[in-house]
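Put the two chains together into one complex, using the hints given.
Respectively, the protein sequence lines represent chains A and B.
The opening residue of the first sequence carries number 113 in this note's numbering; numbering runs sequentially from there.
The opening residue of the second sequence carries number 33 in this note's numbering; numbering runs sequentially from there.
Just so you know, the hints here were simulated from the structure itself, not pulled from any lab data.
Cβ atoms here follow ideal geometry from the backbone N, Cα and C, with glycine treated the same way.
Check each hint, because a few of them may be wrong.
Listed next, the stretches of chain B that the computed footprint assigns to chain A, with coverage defined by at least 3 CB atoms under 8 Å from CB atoms of chain A [stated by the list, open to error]: (1) 93 to 101; (2) 224 to 232; (3) 275 to 289.
So the derived label-pair ranges between C-beta atoms look like this [claimed, not checked]: (4) B/T293 / A/R352: 54 to 60 Å; (5) B/N87 / A/R607: 38 to 44 Å; (6) B/R40 / A/E256: 54 to 60 Å; (7) B/G105 / A/V583: 52 to 58 Å; (8) A/D677 / B/R40: 43 to 49 Å.
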Amino acid sequence: MADLDYRELGLRVGIEIHQRLATREKLFCHCPPLMRHDEPHLWVRRRLRVSYSELGSIDPAARFETLRARVFEYGAYSDSTCEVELDEAPPLPLNLEALEVSIEVALMLNMDVVDEVHVMRKIVVDGSNTTGFQRTALVALGGEKSAIETSEGEVRLSTLCLEEESAYIVETTPQGARYRLDRLGIPLIELATGADIRSPDQAKEAALKLGRILRATGRVQRGIGSIRQDLNVSIEGGARQEIKGVQELDLISEVVRREALRQVNLLRIRDEMRSRGLSPSSFESAETLDVTEHLSGSKSKLVRRSLSRGSKALLLKLPGMGGLLGREVQPNRRFGTELSDYAKVFGGVAGILHSDELPGYGITEQELSYLYREAGLDRSDAFVLVLASGEKAKLALDAVRRRVMQAALGVPEETRRALPDGNTAFMRPLPGSARMYPETDVLPVVTGPLVRKILARGLPEMPDRVISRLVTHYGLTEDLANMLLDDGRIAQFERVASEISGLSPRFIASTLTSTLRGLAGEGVAVHRIPDSALETTLRLVAEGRLAKEAIPNVFRKLAENPELDPSDLAASLTMSEEELDEIIRRVLYEEREVVQRVGMRAFGRLMGRVMSVVRGRVDGSVVSRKLRAAMEEMMGGQK
Amino acid sequence: MNLSYSGRARELLESAGAKDYDLLRVTAGRRIYEGILMPRPEILDDLHVVLKMSNGYNVGIDVEKISSVEVLGRARPPERPSPPRVSPREGLPSVPIVVTGGTIASRVDYSTGAVKPTETPEELIDLIPEIAELANVSYVPLMAKLSEDIRPEEWGRIAKKVAEEFNSGASGVVVAHGTDTMHYTASALAFMLEGLTGPVVLVGSQRSIDRPSTDAVLNVTAAVRVAAEGPMAESVIVMHGSTSDDFAWVIRGVRARKMHTSRRDAFMSVNEAPLARVTEKSIEILNPRFRRRPSEPTEVVARVEIEPRVALVHSWPGIERDLLEAVVSSGYRGIVMAGTGLGHVPNRIVDEIGEIVDSGIPVVVTSQCLFGRVDLKVYATGRRMLQAGVIPAADTLPEVATVKLMVALGRGMEGEDLRRFMTTSQVGELTETISPSAYPPCFSGGARGG
Numbered sequence: 113m114a115d116l117d118y119r120e121l122g123l124r125v126g127i128e129i130h131q132r133l134a135t136r137e138k139l140f141c142h143c144p145p146l147m148r149h150d151e152p153h154l155w156v157r158r159r160l161r162v163s164y165s166e167l168g169s170i171d172p173a174a175r176f177e178t179l180r181a182r183v184f185e186y187g188a189y190s191d192s193t194c195e196v197e198l199d200e201a202p203p204l205p206l207n208l209e210a211l212e213v214s215i216e217v218a219l220m221l222n223m224d225v226v227d228e229v230h231v232m233r234k235i236v237v238d239g240s241n242t243t244g245f246q247r248t249a250l251v252a253l254g255g256e257k258s259a260i261e262t263s264e265g266e267v268r269l270s271t272l273c274l275e276e277e278s279a280y281i282v283e284t285t286p287q288g289a290r291y292r293l294d295r296l297g298i299p300l301i302e303l304a305t306g307a308d309i310r311s312p313d314q315a316k317e318a319a320l321k322l323g324r325i326l327r328a329t330g331r332v333q334r335g336i337g338s339i340r341q342d343l344n345v346s347i348e349g350g351a352r353q354e355i356k357g358v359q360e361l362d363l364i365s366e367v368v369r370r371e372a373l374r375q376v377n378l379l380r381i382r383d384e385m386r387s388r389g390l391s392p393s394s395f396e397s398a399e400t401l402d403v404t405e406h407l408s409g410s411k412s413k414l415v416r417r418s419l420s421r422g423s424k425a426l427l428l429k430l431p432g433m434g435g436l437l438g439r440e441v442q443p444n445r446r447f448g449t450e451l452s453d454y455a456k457v458f459g460g461v462a463g464i465l466h467s468d469e470l471p472g473y474g475i476t477e478q479e480l481s482y483l484y485r486e487a488g489l490d491r492s493d494a495f496v497l498v499l500a501s502g503e504k505a506k507l508a509l510d511a512v513r514r515r516v517m518q519a520a521l522g523v524p525e526e527t528r529r530a531l532p533d534g535n536t537a538f539m540r541p542l543p544g545s546a547r548m549y550p551e552t553d554v555l556p557v558v559t560g561p562l563v564r565k566i567l568a569r570g571l572p573e574m575p576d577r578v579i580s581r582l583v584t585h586y587g588l589t590e591d592l593a594n595m596l597l598d599d600g601r602i603a604q605f606e607r608v609a610s611e612i613s614g615l616s617p618r619f620i621a622s623t624l625t626s627t628l629r630g631l632a633g634e635g636v637a638v639h640r641i642p643d644s645a646l647e648t649t650l651r652l653v654a655e656g657r658l659a660k661e662a663i664p665n666v667f668r669k670l671a672e673n674p675e676l677d678p679s680d681l682a683a684s685l686t687m688s689e690e691e692l693d694e695i696i697r698r699v700l701y702e703e704r705e706v707v708q709r710v711g712m713r714a715f716g717r718l719m720g721r722v723m724s725v726v727r728g729r730v731d732g733s734v735v736s737r738k739l740r741a742a743m744e745e746m747m748g749g750q751k
Numbered sequence: 033m034n035l036s037y038s039g040r041a042r043e044l045l046e047s048a049g050a051k052d053y054d055l056l057r058v059t060a061g062r063r064i065y066e067g068i069l070m071p072r073p074e075i076l077d078d079l080h081v082v083l084k085m086s087n088g089y090n091v092g093i094d095v096e097k098i099s100s101v102e103v104l105g106r107a108r109p110p111e112r113p114s115p116p117r118v119s120p121r122e123g124l125p126s127v128p129i130v131v132t133g134g135t136i137a138s139r140v141d142y143s144t145g146a147v148k149p150t151e152t153p154e155e156l157i158d159l160i161p162e163i164a165e166l167a168n169v170s171y172v173p174l175m176a177k178l179s180e181d182i183r184p185e186e187w188g189r190i191a192k193k194v195a196e197e198f199n200s201g202a203s204g205v206v207v208a209h210g211t212d213t214m215h216y217t218a219s220a221l222a223f224m225l226e227g228l229t230g231p232v233v234l235v236g237s238q239r240s241i242d243r244p245s246t247d248a249v250l251n252v253t254a255a256v257r258v259a260a261e262g263p264m265a266e267s268v269i270v271m272h273g274s275t276s277d278d279f280a281w282v283i284r285g286v287r288a289r290k291m292h293t294s295r296r297d298a299f300m301s302v303n304e305a306p307l308a309r310v311t312e313k314s315i316e317i318l319n320p321r322f323r324r325r326p327s328e329p330t331e332v333v334a335r336v337e338i339e340p341r342v343a344l345v346h347s348w349p350g351i352e353r354d355l356l357e358a359v360v361s362s363g364y365r366g367i368v369m370a371g372t373g374l375g376h377v378p379n380r381i382v383d384e385i386g387e388i389v390d391s392g393i394p395v396v397v398t399s400q401c402l403f404g405r406v407d408l409k410v411y412a413t414g415r416r417m418l419q420a421g422v423i424p425a426a427d428t429l430p431e432v433a434t435v436k437l438m439v440a441l442g443r444g445m446e447g448e449d450l451r452r453f454m455t456t457s458q459v460g461e462l463t464e465t466i467s468p469s470a471y472p473p474c475f476s477g478g479a480r481g482g
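If we strip away everything but chain B, and leave its shape as in the complex, we get (with noise of 0.2 Å):
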């Protein structure tokens, strides 16, 4: 065990021989303090030592008043009674947890208060049992990061993780995941996994697994149970549907945007309904438009080429030449513009773009509305910005344009090949329609309001 203190708590403590989660005796003043030594996150000061006392209750004691500290017992594991044991049923489609990072990947030791990750299946069947009825799901640890903290690089690994899974008779594949980048990782499945037999399902938690509210009950039964029994070979996300814990919305992973920072609901689909709505019971249709899964098997290829070095600008009223000049000079071989209403930047960084462009540096053009399409021919900005050699992404969200020029790059494409790589859908990111009803993205009457 370590000890995580700093400074003059650290000084006193280790003196007395403590570690994090032993069992000390602490003299402050005239009182007598009995507890566990919990550690002590780093933004909080050097000043007070913290014991979970027998009631449950963590203080917080001066190390000034302390006058001494015994250690009165080490550490201890914590005591879990282990789960049952649950063993593959014959007949159910097997179902892979590919797991990434992220809370629900988690689960809390109430002795401690410490979160720890969860290791084998049957630690999350004990929590969401209804997920061994619907498929032998097993467990596939791959990494343990925060989705912040995923780099372009890595999504090959998943990719590659998952299409061996596939390749190994999985029905469907869950990708456990962060819910930050999120969208980002499932618009590179989807350009990076061809042939898939199946769906790639993205799912993760807005409140924590250790939370008897958490979200990650209906998530994880819903993306298993599409992932299972779902009709589409496409990467999707599968998350809440409304702020009730009553359906989850599977949203096309070149379509998904989370839209709020903390709310079960937060990802939406943009430009497109949800393909379909999955309730306790069954998975609803509402968009037919996907790929289906082939009724012969194939292969499924992992194609993990990628150029990291693309820029996702934003386009503001302050925003000038230099800063472009910074992108460039920085080493970035590709940018994503993300421009105002239609897909505009100021008229006066236009001539920078050109030069951008001239010196083989392809500029996307996508627009912060998020909703709708770029069209570069209404305006004389936007008609300069094509004559500066823009490649407008219609409809692609900014993100996706982002990930897909990565991909693009990668595989080395340039001038005209990827002039149309990018201009064209490729799995649903870009359309030539966009249907009415795609906007306000209220999908299903009062659904959003619970």
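Same shape as in the complex, but just chain A (with noise of 0.2 Å):
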């Protein structure tokens, strides 16, 4: 994909980092803010409800509709979550350990510190908060000096919140959605920037470097989901898109890219239907037709199967968007996949097909050919059909008509989903203003005291000064030091270096990093390794009771059982003296002639046969010494 001129395209780019902190407790209870990988103990079916005319303007009755009629389900853990997830007891005062790493970072980045924090609740009613609203509270807001430098200018800091992480979503169900409640209530660092980015690129720049900034503290949760950015993007003509949800950092410019790109095509969309003399009003009665009958002969499997089960079929006549519902909006995103969000999200059905993409799926050119002359369309109409039940279908078929009169205007502003490629989809329409009053429950927090403390105490170091600090303190290579950053291990690179002797601290930042890296590129959940068994494992290394070769392997166990105990697993793993003598003196005797013949020049020989046998459970300089002991014992003895 040619990359477009942004700056002539007058791109804008906000980002919002939502960064999970690793404080000892959740926000607004005591229990731990600990992700679990075990089935719940037991499951909680609830409902969400605003009140009708609480809906807001855009088209209420179908959202309502779709409200009501969801069923969430909760699971719940006996012994790491407690009522206040279940929403079954008031919030407990906000946790101050959150709110100094939070007042922390707001220090780094220059930013002000309200002086009394308040507790909101945001109305949320997708199910992910058990309450219905998530509490967030705002800490400090952007001034003239919190910026941070990119390579393409400044980017100013907006506001930091610091909210409740939502509930984990397991799957999304026919009836609603299932979540986990054990990721609810961890605290949540949101810090957002203005819309001063105008490249993809400088997004990703600034990601990064907030990101590293949030990590320099020390106190944030690492591994995957811990953090993620939602990006504010619009083009010149174009409109504000939030885009929720992009986890992995490289997809950022990816997802920028596609976004402005998708925005020029909405425009060049818009711009043919007004050179085809169409406006919002040319769809306003745009009529619906039921072609259920029409269909019922249908070679169609997806069609037959649709109406067997009572499905209605419904028609869209969109007179004089012919060709444009197959206008790709975004690679393998056509303007008629925005339409079928629509139909989706509204009126809650499986999706559409429209005139452009048939024949297909099953129907013929002449049950095209059909439909066109019973709908009393030509070639340079389109259609929209849908198989659903009656109530289903009108309201899906209501969104896609709204959607084309948005069309007409332009780009709507939306609430949009990053999807693993780099495209977005349409989750919801961009809330107004949002829906935010007291969370009276909590009583808000005065700042003073805490800034004062972390002020005598001094704030963290900034990133460039962390890595300097690594490099010329430990010997670290930058990479390594910046990988120690990225991956939020330099407090306990720093506490593993100074408690354990005997191991270089290259060779502990390389385990940390590099070998945790390679095993998770394996597939190895290594995020469920504990922190404590990483460095027992590390000092049985130091103590020579598990071999350097044998990590690796160690990891993998532990990944797979996290309570094991890595001293158990190393007298596994790594092979006794008596055995590595036996080895070597069996391969002596085997090569013997060898020896005999060429002496120490066969060492590296003999030294690939035993290595192949005891690789991972002996260091190699133990096995080098030795072997090269027995060789000089069995030459010497020949003299």
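Following this line, the structure appears as structure tokens:
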């Protein structure tokens, strides 16, 4: 995909970083902020409700229908979640440790910490919070000096909020969704920049820098999902899109690139519609036709299956739109896909069929012609077909009709979801002003004493300082130091390096970064290994009770079963001296002729043979020393 | 509009002419804040001014740092789209909702965060449209009280209103009530209302109605269903049956007790199974021993006489005579003891109790165990208590016995009359037999766990 000229397009991007904090407790209760990997102990079924008139101006009827039917299931753990996550007891006071970390970050970024922090309830009815709202507090505001430098200019910070993490979605169900409560209530910093970013690469750079500053506190969680980016993207003449949940840094620039492209293409579709004389009012009363009868004899499996289940086939006429629904707006996403998103969200249907992709899906050219004719349309027109129960199909087509009306005006403001390839899909209309009201169960907190405490202690070093200190003090390479920072392992590294003697800092650092990353790349669940187990493993190596070579195997086993004690593993993964001597004796015997012939020049060959048996269980240097001694003894014996 | 601030903050805001909910511009140090002035609860200090900013967040600004306050605009009444009008439908039963207070009758204004009372049935139907399918619902605002503030004298007002509604054709009456003392009011209505022609249903919410997760939706829907269709003609409590939003119990008012401070399923039926469970679709009878709707319409009578001066006294290892002396000298005219175990109090205060009984103040004995009945014949202490003249109330709950004694004394009962009244079942508050399945109170398999 050729890059667009983003300056010329007037691209504007803002980032919101969501970073989970590594505090001892959750934000509003004493539960541990731990992600679980086992089945919840009990499930609870709940519904959420907001009143009809609070639903806002965008098709309250449709949203209401979807809302009131939804059932959410929440999985709770009897040993690590409590009544607070289940919304069965009021929240406890705001976690001051989490507030302290937030203030630390705000001060590192020269932001203005508010004098008194007030916890708010932000209404969220997708089920991700048992309460139906997210508790969130504004901790700091950006000022003139709150900015980070990037290679393409300054990016200012606008707000820093401390929020509770939402529940973890296990799956969506036909009725709603299933969530786990282990994640709900973990403290989360939301750090938002202004819309100062002007290019896709700058967006990634800014996210990287901010992520490193957060990790420089040493008090943030690491691992999958512990940091997420939301992006606000617009181009001149387009509209602001809030893109949710970009988990990987590398995807950021691609999402921005593809969103800019989408807006460019949507504006082209608008221009084309205008040149065809189409305006929103052209679709104000676009007709819907029941074509269930017409398709009753269809050979299409898709159609037959739906109709046999009692679905209706409804067709929405889109006069003058021929060819536009098939236009690509992002790689492999067409304008028709955008319409389909609306049909799914507002009508709860599985999808749509549109005339630009027909014949297809088993619908023949004859059937297509027949539908065109029956609808009184010709090929310069388009139509959208929905197969669903009558009520759902109507809601879906009405949403499609409204989306087409918006297309004649340009790009609608939306909340969108990032897809794995960097495309985005519609989630919901961009909320107007968020419905927020005070969390009266939590008292406000005056920040002065915390700010003074932090300043007296001194702020954490900024990432640049951390890197240069690691390089000079421990002799690490800059790459290794950056890896420690990016993986959130600086504090752990320094602790291990000071507590365990006999291991080089480089070895410790590369074990905590490269080794773990390599294993993660193989699909090993290294995030499950407790920090204490990593450290014990290194200690065993330092004490000579475990071969360096055995480390990856120990980590593999720990990832499978995090409860194991590395010391027990060491015994089974380490070869005793007697066993090693026995193997060396055997190899020497088998290779005795070669040794007799070439002497010590056979060392490499023998070393290879011994290592092929003992690799991963004995340190290579030990093998080398013993083998050399044994060979010398053998040759000496011959003299 | 008021200005809810005090002290330093008040001086500052007053001098700028600001009132709660005005749009202000506040300069503090190098920052300028614009936002709506939020009211400040009394328990907070007088050193901060709270603004709701345009991004929705509230921030507190230290008055020390404020150099100027400017009023940009006056508070505006919240704009609220008016809910659709609901007209009565032919063929549906009529169910008035008598409102006494509690969060079930309030809603939030998101522009200010203020919680305001709902004023019309349309507002409730706006949130819970299901109830309009079950009945023609009307709204009868009676008082706006937190349930902990409702006095025994006010039970009579509620009882009269309920009787009035039945006598003008209600199929059942819902009473919206705070949950703390709901079981006291439910008991009072049970004793006061005679000739009931349908259910009196007390309902409330443990999660206030401004929250999307409110339990009020299920509770109110179930309550209206019971009032409209339920076969019982008794005072009952209808609240969540589990932590899930799946069903509600119908619990006899005189058997109900709030057993958890905050859970949705806080109310339990003690010493008997709940009368029924109400799901989204039906009312399933679990315990058919209840008073049914009469076949002929009768007049509902509210007998509201009450003697509020009855004390409920918990026995504990440190209880001494002086506590009882204090109760008597404070003018209480009856005492309900929540004794330990089978109903005991320490031997050292039994003589004092005898003297109190002799002075004409009845002492009724219940157990703080709640489950099971008192039995004062088993141990010597109990036998001494009987000799002292206490009235054992079998398996009547302490709170219910308290309300019952208030009613008995209010009706001028004394001596043997009073003893007979207190030791026999009037409205199902006391039973001869307790089913083995009534304890532990997990009335339907894993339902409690959700």
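Going down the list of hints, with the structure as the test:
no.	hint	verdict
1	93 to 101	holds (count 3)
2	224 to 232	violated (count 0)
3	275 to 289	holds (count 4)
4	B/T293 / A/R352: 54 to 60 Å	violated, 44 Å
5	B/N87 / A/R607: 38 to 44 Å	holds, 40 Å
6	B/R40 / A/E256: 54 to 60 Å	violated, 29 Å
7	B/G105 / A/V583: 52 to 58 Å	holds, 57 Å
8	A/D677 / B/R40: 43 to 49 Å	violated, 60 Å
This entry does not satisfy hints 2, 4, 6 and 8, going by the numbered hints stated previously.
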